[in-house]
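Novice: Below are the chains, spelled out letter by letter.
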Amino acid sequence: MTEVIEALSLVPKAEAKQSMKDFKSDQEVRWCPGCGDYAVLAAVQGFMPELGLAKENIVFVSGIGCSSRFPYYMNTYGMHSIHGRAPAIATGLASSRRDLSVWVVTGDGDALSIGGNHLIHALRRNVNLKILLFNNRIYGLTKGQYSPTSEVGKITKSTPMGSLDAPFNPVSLAIGAEASFVARTVDSDRKHLTSVLRAAAEHQGTALIEIYQNCNIFNDGAFEVLKDKQQAEEAVIRLEHGQPIRFGADNSKGVVRDQATGDLKVIAVTEQNASQILIHDAHTTSPTTAFALSRLADPDTLHHTPIGVFRSVDRPVYDTQMSDQLEAAIEQKGKGDLATLLAGNDTWTVVG
Amino acid sequence: MTSQVSSPAEQADGANEAVVGEQRKPSGAKEVRQLDRVIIRFAGDSGDGMQLTGDRFTSETASFGNDLSTLPNFPAEIRAPAGTLPGVSSFQLHFADHDILTPGDAPNVLVAMNPAALRANIEDLPRGAEIIVNTDEFTKRPMAKVGYATSPLEDGSLEAFRVHPVALTSMTIEALKDFGLSRKEAERSKNMFALGLLSWMYHRPTEGTEKFLRTKFARKPQIAEANVAAFRAGWNFGETTEDFAVSYEVAPATSAFPAGTYRNISGNLALSLGLIAAGRQADLPLYLGSYPITPASDILHELSRHKNFGVRTFQAEDEIAGIGAALGAAFGGSLGVTTTSGPGVALKSEAIGLAVSLELPLLIIDIQRGGPSTGLPTKTEQADLLQAMYGRNGEAPVPVIAPKTPGDCFDAAIDAVRIALTYRTPVFLLSDGYLANGSEPWRVPETDELPDLRVQFASGPNHELADGTEVFWPYKRDPKTLARPWAVPGTPGLEHRIGGIEKQDGTGNISYDPANHDFMVRTRQAKIDNIEVPDLEVDDPHGAKTLVLGWGSTFGPISAAVRRLRVEGKPIAQAHLRHLNPFPRNLGEVLKRYEHVVVPEMNLGQLATLIRAKYLVDAISYNQVNGMPFKAEQLATALKEAIDD
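Protein chains in written order, with UniProt numbering: chain A, 1 to 352; chain B, 1 to 645.
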């Protein structure tokens, strides 16, 4: 990426050309062999040189869970914090240091269960954070309990007769929480993952990327339907801004608006209806269509799962506005004078 | 030593020029008596403006040069049903011509705006106290509401007191009849009528209040003038009515104050200013992450007003996010602060543990209130000491310091910042509702008196490997303080990862090694144990056998009780702890010098428990947990028993 990304204009640039190696820490990676996290790590490490930022100005903050070990493996600044709190900690860091590129790494339990509150508030505030939500639909580190994204009826150690609670759809949740950028990608599709990372990095404000990630120990194959080439044709809808939303073998299917309900639906594309196929507009102010897209997937079969950028809109960024208020206060009142402040408006003098 | 009033607001030109107040003086037609001290309590409905009335009387008293101490006391409900006992809000002020230590045990004067205010406060009045009652409210229904079958103004039940029946409401309405206000609007100024009357009674300066009203209601000049008129009407009423035959003078407390510039200050304000001052002295941007909670919210409000000092305030989604953001900012090189009360501390516990593990500077300010759970949000207590000491999983030592008076909150904040920055640790500051809302005269420090709090960020490698490679080790410690380096993002070559998992000594890499964990636990403890704190000073002029040991806001009442005992010829030693963790080095030796050690606390004996455990001293606990500060007289009686034991 040669042009300066506006969202990162305050972050110093690297002096020399970087490679993936520059972003690998000296720590041994300790995820289970075959874990989807490896692929995400490689994609992130591979993408970072493209940003060309001074790596000392990049910070990865995580919570607790398998994915949250991520910062240890990045040769940047990093904090492995406590369960669910990474967005809060990263908010403090990003809003006090606009010269940093701050990334949050979290999982479905970390972000949506114990840390749900921090996630939704970070999204609505639009702090300059890039949140990578590794969704494997299971609790890995605690050895296999169902998670807030697990399908209903999931048999796990804690739910031997099947889980009862309806899952969250993270993309729907994020859009509902006023997120300005929401995307979804898949661990095994490096090219797509990288393209989404790029779009997130370019975005000003909070970006949420849901990454479907395979836990080969406790929930193996959860997203197989999206990965297997043949099945994926039916299951995956690749969203591209400005393009008609079509998928399937030979792009034979498309998404149209149901005139009766206003909802979206999938149809077989014909010459007659081709013009009705929805053109994806990630930048539209209204979240309505992005939300409808997030509801397209069948929760049981994962058929019609859109991936890519659902929504990417410009709105005021919290940390920018926080800094602006500081500057405005100085303009209005002058730079603070401590002696004046301490004395206040109502003093009296005792003479010795 | 003389005292004189000089308000910058008077000297300032421009905006304030038009805002004037009139200084009124009694004509001298009536008798004037000299008093050395007075305790006044204003009491009324939550909506009657009693806190404002008290604040104004306090400001005038402060600028007059008296020493003073205040006790606002109000319900947690914003507006409880009118005229009910739970809705009574009061403000007590003690002022004197000498130095005083508490807001006073029992009021000499009660201003009761309605029957509920009388009923709720009458028990606290000593015989002979003066009561100024608003007779307009003593009608059947308001009296019945609080259980008065007959009027206490007529049934003789107030015979022990000097009652001044004043038709406050109707006289206020009468005084404002030309202002074109509705009856309801006019009625609202009755607190200013009362303030005017009391200002006459005690020869308070009046111009400041008039100026205040005109500034406060600058956008509603009609309301401003109505309030000034009500205030003056109250003053004139005192001057002319025969019911008030005597007025009182309380001379300025000239000898109580060392030379200097003074202002009146509440604990929360002093704390806020201390934080801003500490940020400046440390040359670090201040970052407050906070969630609103009584009685701490005023610090968030105050700091939010000072963005021109580079202060960032973040109103978080919850208590956890408040401390999380402060910790994140600390990682980035800010002076991170979170403010809360007991329930908030409970929620922050895990994050405090993380801060202990990360060894980053952080301030946790706990304005204690009555507990457990929601408890008594607007009342004071000091029952979070053990929570601050031990309320975390694992061995997670945190320094604890406590201010002793409202003004002392300023110094305590600076002291807490010093420890946090020097030792790279979270620090607890335990204030409480009494200090937070109470106020006293405070000598404004010169900025060059403030300590230098600057610290060095790490800037390069700090360790050489066996092969000669220079590396940065985030957990390589300063040999003296055991503090680890503070390497902030943006520093090239020092990229490192820290976290809540146990770390290898030096490198900071994840380590599950048993011996390393044992070493790290002991090292973190040793770092806190070795924090330098000043020795405990003991005030013991007579070689007493009994020591009274306190901490935090009990300083005023304990000192007042000690003073009474000494006047009675009872020798007693007094010491007060600012540092609760670590304790001063000489504490054990001090305790062993005395036959009896009495520890008064507004809890069930938390400091006493610590003292007993650590020093094997048979400390006597004296406890009160009624949401109010100790009364000096009760405390003196309890201490006398210990002395005579």
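There could be a bad hint or two in this list.
Per label pair, the in silico range of CB-to-CB distance [as the list claims (entries may be wrong)]:
id	chain 1	residue 1	chain 2	residue 2	range
1	B	Asp318	A	Asp250	33 to 41 angstroms
2	B	Phe519	A	Ala343	43 to 51 angstroms
3	A	Glu327	B	Gly394	39 to 47 angstroms
4	B	Lys216	A	Leu141	53 to 61 angstroms
5	A	Asp99	B	Phe519	32 to 40 angstroms
6	A	Thr340	B	Glu225	27 to 35 angstroms
Hints are computed from structural coordinates only; laboratory data are not their basis. Yeah, the Cβ is synthetic: ideal placement off N, Cα and C, and Gly gets one too.
Novice: Hint by hint, note whether the structure agrees.
Specialist: Checked hints:
no.: 1; hint: B:Asp318 / A:Asp250: 33 to 41 angstroms; verdict: 51 angstroms, violated
no.: 2; hint: B:Phe519 / A:Ala343: 43 to 51 angstroms; verdict: 50 angstroms, holds
no.: 3; hint: A:Glu327 / B:Gly394: 39 to 47 angstroms; verdict: 42 angstroms, holds
no.: 4; hint: B:Lys216 / A:Leu141: 53 to 61 angstroms; verdict: 57 angstroms, holds
no.: 5; hint: A:Asp99 / B:Phe519: 32 to 40 angstroms; verdict: 36 angstroms, holds
no.: 6; hint: A:Thr340 / B:Glu225: 27 to 35 angstroms; verdict: 31 angstroms, holds
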